[in-house]
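Visitor: Here is what each chain is made of, one letter per residue.
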Amino acid sequence: MSCCGTNPGYEELDEVSRLVSSRLAAFLKTLRDSGFAVGLAEGQDAAELMTAGYAAKPGLLRSAFKHLFSARKSDWEKFDGIFDAFWLGRRVRSRSMTTGSSKAANNPSLKTLADGQRSGSETAMDQVPSTDDAGADRVGEGRMEGASRADNLAEVDFRKLADPAQIGQAHEAAARLARAMRTRLSRRDLARRRGYRLDLRRTIHGNISHGGVPIDLVRRQRKTKPLRLVMLLDASGSMSMYTGVFLRFIHGVLDQFREAEAFLFHTRLAHVSDAMKEKDAARALDRLSILAQGAGGGTKIGESLQTFNRWHAARVIHSRTVVMIVSDGYETGDAALLGREMAALGRRCRRIVWLNPMMAWEGYAPEAAGIKAALPHVDLYAPANTLNSLAALEPYLAKL
Amino acid sequence: MKDRKEIAERLAASGYIADAELATAISLMLMLKRPLLLEGEAGVGKTEVAKALASVHTTELIRLQCYEGLDQSAALYEWNYQRQLLSIQAHRGDDPDAVEDQIFSQKYLLERPLLAAIRRDRPPVLLIDEIDRADDEFEAFLLELLSDFQVSIPELGTIKATAIPHVVLTSNGTRELSDALRRRCLYHYVDYPDVDREARIIMARIDGAGASLALQIARMVEGVRKEELRKVPGVAETLDWAAALVGLGVRDLHDAPETVHETLMCLLKTHEDKSRVTREVSERLLGKVA
Chain C
1 MSCCGTNPGY
11 EELDEVSRLV
21 SSRLAAFLKT
31 LRDSGFAVGL
41 AEGQDAAELM
51 TAGYAAKPGL
61 LRSAFKHLFS
71 ARKSDWEKFD
81 GIFDAFWLGR
91 RVRSRSMTTG
101 SSKAANNPSL
111 KTLADGQRSG
121 SETAMDQVPS
131 TDDAGADRVG
141 EGRMEGASRA
151 DNLAEVDFRK
161 LADPAQIGQA
171 HEAAARLARA
181 MRTRLSRRDL
191 ARRRGYRLDL
201 RRTIHGNISH
211 GGVPIDLVRR
221 QRKTKPLRLV
231 MLLDASGSMS
241 MYTGVFLRFI
251 HGVLDQFREA
261 EAFLFHTRLA
271 HVSDAMKEKD
281 AARALDRLSI
291 LAQGAGGGTK
301 IGESLQTFNR
311 WHAARVIHSR
321 TVVMIVSDGY
331 ETGDAALLGR
341 EMAALGRRCR
351 RIVWLNPMMA
361 WEGYAPEAAG
371 IKAALPHVDL
381 YAPANTLNSL
391 AALEPYLAKL
Chain F
1 MKDRKEIAER
11 LAASGYIADA
21 ELATAISLML
31 MLKRPLLLEG
41 EAGVGKTEVA
51 KALASVHTTE
61 LIRLQCYEGL
71 DQSAALYEWN
81 YQRQLLSIQA
91 HRGDDPDAVE
101 DQIFSQKYLL
111 ERPLLAAIRR
121 DRPPVLLIDE
131 IDRADDEFEA
141 FLLELLSDFQ
151 VSIPELGTIK
161 ATAIPHVVLT
171 SNGTRELSDA
181 LRRRCLYHYV
191 DYPDVDREAR
201 IIMARIDGAG
211 ASLALQIARM
221 VEGVRKEELR
231 KVPGVAETLD
241 WAAALVGLGV
251 RDLHDAPETV
261 HETLMCLLKT
271 HEDKSRVTRE
281 VSERLLGKVA
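Chains as they are written, first to last, in the UniProt record's numbering: chain C, 1 to 400; chain F, 1 to 290.
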């Protein structure tokens, strides 16, 4: 009889463990959706932990799982919220869901900024002389016209592009240009890798077969780090006419290129390299939509740089890093802070390039307090309002 | 030994005041046999965790300090070439096979930290310090070692670990580590200790620091950390400062504001920070310390 009494017990236990494991699987999925890198091995270990008695106390289980599943500081910080929401049914603070969810629904997404070029371009359309001039020149050349639309486009200020097809072309060209820059820069780097010192240990090792007489010399080459590009893009309202093109440009640079990082800022700073590494450009922009909150408001360049210096600079900047800031320099925060943070940034990196699309506007002078404070620390201050001016950057970067 | 409370107590006995989460991490590390990856700002005591762990297990601590350009011959093993050459010269004319067998024997093998760690009878604590400074290639190599715990030396054969070492990796975050390495490890973020824990750390480490002084120092340091500094002082700096104050015979910070300001150099390590924390600032901070 006793066996009949225990059997259902086992079955119940089985039932419980099945429930637990399906729950656990769901939790792993939630974690993966939130950007955690969780594999099978972690799942097994988690199951082991739960059977080892950790499941009895939620606080303990949370702490154990946190160590097991987190892989970086950002994971570490958002884990508690996700755990509580899943197992204890508490609300997640909105902050902790930023990574995975790409609900563009109720935000003005960057994609619309990129494709639409809504309000800004309309006002810009009032003054189009340069487009006309460029067009007239081409007409003179007659048969060149059809083939050289891209060249034609090259000199047109981005804000004056109105027709969606043209905008599309400009985006394509920016992406192409970025890719070309990337490959050329890295190849030059390789060719320059010469310079030698004798490696004594390896020389002796390599010549044991000669009884230790150093016949074949082994030289030591200095390993140079490839140039790294860190881009900080201003996505505020005043820049909205240019954001789209630059996002495509950044996407092109980041694409398959290890030594590049991208950040977006308006009133706060966001690290967007991961989102931008999405192969499909439109999808990458979609993933950025969450960051569009606040786009169109003021610009706090100083504060954003402060965040960058404090939390990201140590990781993303090494001795051969060029920081490229794309902004019009209209600072709504404290200009003195901007100056201080620029100085701090300058100490860390090799060069600071500031691209200001407004610079080519007629009658523009760097009068704004922000740009005035920043300029002394900038190594290259250039306009970047046309594809040609973007391309002009390449020789400068190649020299570094 | 798997009990977290016991771990915390034994860590405390060896002079490391751990928070509850770290004790959990260490018990998991023993249970799941995974390496522990510690990240955090410089000076929060990441390396100390490994030292304390070694003393908890009463075992040896083997440390591999990573740097740029670190390679297998400095991390794993290397043949002692000079000695091999001498031996070849000395045995000139002998049977070449015998000479070869001799010069590729254990006697001529230089053991580097990683090989040493897997050849001990008693599992040691292997501390791989500042892994973010090593190159990507080395990281990949390390990953392989950490999953198999065996090393193959072409001339000698495969050496399997006699005991799996307790592996602790630390990183300052100067470079992004690979996802593969992160996934293999348990992760723990070491933050600056709160006032209470820092005071206990001071008391545990500095002889002659009373409870009230330790608490004052910890509060003051917390205030300094909130200032906008280029180099935020870590626990090591706090301990230096506490030692300095005790050495100068300070019993209460309020009695000696001059000394407090003058010894702040223990905490502030750049000229810019030093000039930012002026006498007024240090008095303001001192005023907040109860």
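Just so you know, the hints here were simulated from the structure itself, not pulled from any lab data.
None of these values were measured; they are calculated from a predicted model.
Think of the CB as a built atom: it goes at the ideal place given N, C-alpha and C, for glycine as much as any other residue.
Possibly wrong hints are sitting among the right ones.
Said to hold, decoys possible - Restricting the straight-line Cα-Cα distance to at most 25 angstroms, the calculated cross-link-like pairs of lysine to aspartate or glutamate (DMTMM-like) are:
id : chain 1 : residue 1 : chain 2 : residue 2
1  : F       : K226      : F       : D19
2  : F       : K33       : C       : D80
3  : C       : K73       : F       : D240
4  : F       : K160      : F       : E176
5  : C       : K57       : F       : D19
What the hints assert, rightly or not - Where chain F lies over chain C, by a calculated footprint (3+ residues, C-beta under 8 angstroms):
id : stretch
6  : 59-66
7  : 322-331
Visitor: Does each hint hold? Answer for all of them.
Guide: Against the structure, the hints come out as follows:
Under the criterion of a C-alpha separation no larger than 25 angstroms, the hint pairing F:K226 with F:D19 is consistent with the structure, at around 22 angstroms. At most 25 angstroms may separate the alpha-carbon atoms for a hinted pair to count; F:K33 and C:D80 meet this at roughly 24 angstroms. Taking the CA atoms of C:K73 and F:D240, the gap is near 28 angstroms; set against the 25 angstroms cutoff, the hint is violated. Between F:K160 and F:E176 the CA atoms are separated by roughly 30 angstroms; this puts the pair beyond 25 angstroms, and the hint is violated.
For the hint pairing C:K57 with F:D19, the CA-to-CA distance comes to about 18 angstroms; that is within 25 angstroms, so the pair holds. Residues of the stretch 59-66 of chain C with a Cβ under 8 angstroms from some Cβ of chain F number 4, which satisfies the need for three, so the listed coverage holds. Chain F is given as covering the stretch 322-331 of chain C, and this is violated because 0 residues of the stretch bring a CB closer than 8 angstroms to a CB of that chain, at least three being needed.
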